[in-house]
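Asker: One-letter residues, chain by chain:
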Amino acid sequence: MNAALLTFDFVLLAGLLGVAWRCLASTDLFRAVVLFITFGLLLAIAWVRLEAPDIALAEAAIGAGITGALLLVTLERLKHIMNRPRTDTDHDPAPPPDPVASDADAPGAAPTGDAASRAADAGNAALSCAPAPARGRWITLVVTVGLAGLLMATLATQEHDPGLQPTVAEHMDVSGVDHGITAVLLNFRSWDTLLELAMVLLAGLGAWSLGRHDALPARPTPGPVLPGAVRLLLPVAIVTGVYLLWAGSHAPGGAFQAGAVLGAAGILVSLARPHELPDPDPRLLRIGVTAGALLFLAIGLWGLFAGPALLTWPSELAYPLILIIETGATLSIALTLVALFIGGRSPREDT
Amino acid sequence: MNLLLVAAAGFLLLTILFGLIRVLRGPGSGDRMLTAQLFGTSGVGILLLLGFALDQPALVDVALVFALLAVVAAVAFVRQHGLPEPAGTPMHENPVEEQPHDPPHNPPEDTHDR
Amino acid sequence: MIESLDPGTLYPFGGAALFALGLHGLIRRRHLILRILAVNIMGSGVFMVFLGIAARGNAPPDPVAQALTLTGIVVAVSATAFALALTVHLARLTGYAVLLPGPLQTHRDSHPDDR
Amino acid sequence: MIADLLTTVLVLAGLAFFAAGTLGLLRFPDVYTRLHALTKADNLGLGLVVLGLMLQAEGPAMIFKLALIWVLVLAAGATAAHMVAQRTWTHGEFERRE
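Residue numbers (this note's numbering), protein chains in the order written: chain X, 1095 to 1445; chain R, 295 to 408; chain V, -19 to 95; chain C, 25 to 122.
For the record, the hints were derived by calculation from the structure and aren't laboratory data.
Among the hints, erroneous ones may be present.
Unchecked claim - Footprint (simulated), chain X over chain V, 3 or more residues, beta carbon under 8 Å:
#1 -14 to -7
#2 -2 to 11
#3 15 to 22
#4 25 to 34
#5 37 to 48
#6 51 to 65
None of these values were measured; they are calculated from a predicted model.
Just so you know, even glycine gets a beta-carbon here, dropped at the ideal spot from N, CA and C.
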């Protein structure tokens, strides 16, 4: 049993490293993205092996749903930009002026077999990129191998330490929940979580501020299959999201996993039939996107005046408060992820 | 029993690694996307088998999330990556195409009837 | 020896290798999408080291490390999404998805805000 | 005991379909035939594995969850296969053997 698991671990690690290597060495961006999606899948299995089902849940929702869709839609946008006509006649419409592109022709740096694969998908010509230049290859290789060796030597000599696990286990009864990670995230170290929500909000605002011309194209749905699948998957996704939110108090799950699942469901809906979707009311959208951080902050401030300190809550009220905060956080994370995917404000907002 | 389940999970992992050959070779992006889809199914299988072998029922939830969201990437691929765009979609309202003096460089999508 | 190799001992080494691989890609590749992927792979390596150390030994894993990793993953995906949006914006302004030396040269008339 | 034996048989049968699916993915000449290989793994491979694991499951909730996972994978596989095929068809890129 142990030997079988050990073999499994070795194969998994070899697969992870191989996929990461091929992904970063790729000259075809689409191939790199598919390899990165595969990398996320293998990573989720690695988290399972490290006894971290919470992380695996988040990785599953983010890796399988959100990152893949985000990268693919970005490729589409890039392809659109690269293929469009250039009006500025002063500008050189030649391929990207890679400062070291001349080195790409050096022997050993040329990709093998990629030319055929690129030719097969002529529409993707904009999605290929120059291979890494031959110059400086050995320096970076030596530096990174040395760094990895240093890290590994540090790890090998490190003493085993139980960490904070006993401390957390000792204080579980005052946290209001029965799951260690939720207790840490929303009670013991709630600062981190508040700042994390602020960070998600900032990323959403940043993407929003880049303008509105990046809207998703409203394409007609080809045939009845996709809407039918969405009709089946969407209710299940919503129930799963709420289930994960609820499960977070006593088992793997919580606001982030639930938010990621709901966000991925929202991305699926916006992909399936964007032209049928009414544009959301901008005010409601703003309230939804900020709800998590604001609710968290408000309850934290209430803790300052009525309770012991900022961002702390009395243990008898902890469970309902944590549930309220988590609900707000789920909503905000889901909405922000969808907003990040769609990119740009709703066209209706400015008119 | 558990040994069998772990070995089965390892076997599925190996099928993923062999399937990578198809991702690397292509030739089309459709092939690559299909392979990613197959990997999703194998991943669900691995998670279920490990969940039972290691007695961690939470892994079934992870597999559920995977199964639920497996279709998102494929739909993103098809919807964004290559379906011919009808004229008049918001993306076409980019100002560059309003310049009439550059006909040879019109993107292929513009050959559709308005 | 073999029996003592639990995942908590084995995976951090893989994480260190992933970090180095990502760094290598970050330095060597110029296309911004590949650089974003490289940063993500580096981050995954860090998470793997962290979770591996948290899972060492026979005791239940350290929930603080797992909570911090969860926070890190959510921040990473938001930052990735923002970076991709910036990449698209850069490509729209310059026509290229690579960072070029020198001052930013934009297409005249090609940006809707100038309309 | 009988349940264990049945689980073994079902899981092994499921693995055979996964292996066949991967082999087909690697060996078949074009996208459409590869789609065919993919759906075998989705439908029968995972189906048999899930069926085998159901015999080991405790309680109806777990059995329901397993069944739900299988149904979701079926829906996802069918949708993805249909859409990739449609996309390939509308683009007219009938990819030949390398």
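Asker: Now tell me, hint by hint, if it's right for this structure.
Answerer: The hints, checked one at a time:
no.: 1; hint: -14 to -7; verdict: holds (count 6)
no.: 2; hint: -2 to 11; verdict: holds (count 13)
no.: 3; hint: 15 to 22; verdict: holds (count 4)
no.: 4; hint: 25 to 34; verdict: holds (count 7)
no.: 5; hint: 37 to 48; verdict: holds (count 11)
no.: 6; hint: 51 to 65; verdict: holds (count 12)
Violation of the numbered hints given earlier is absent; every hint is satisfied by the structure.
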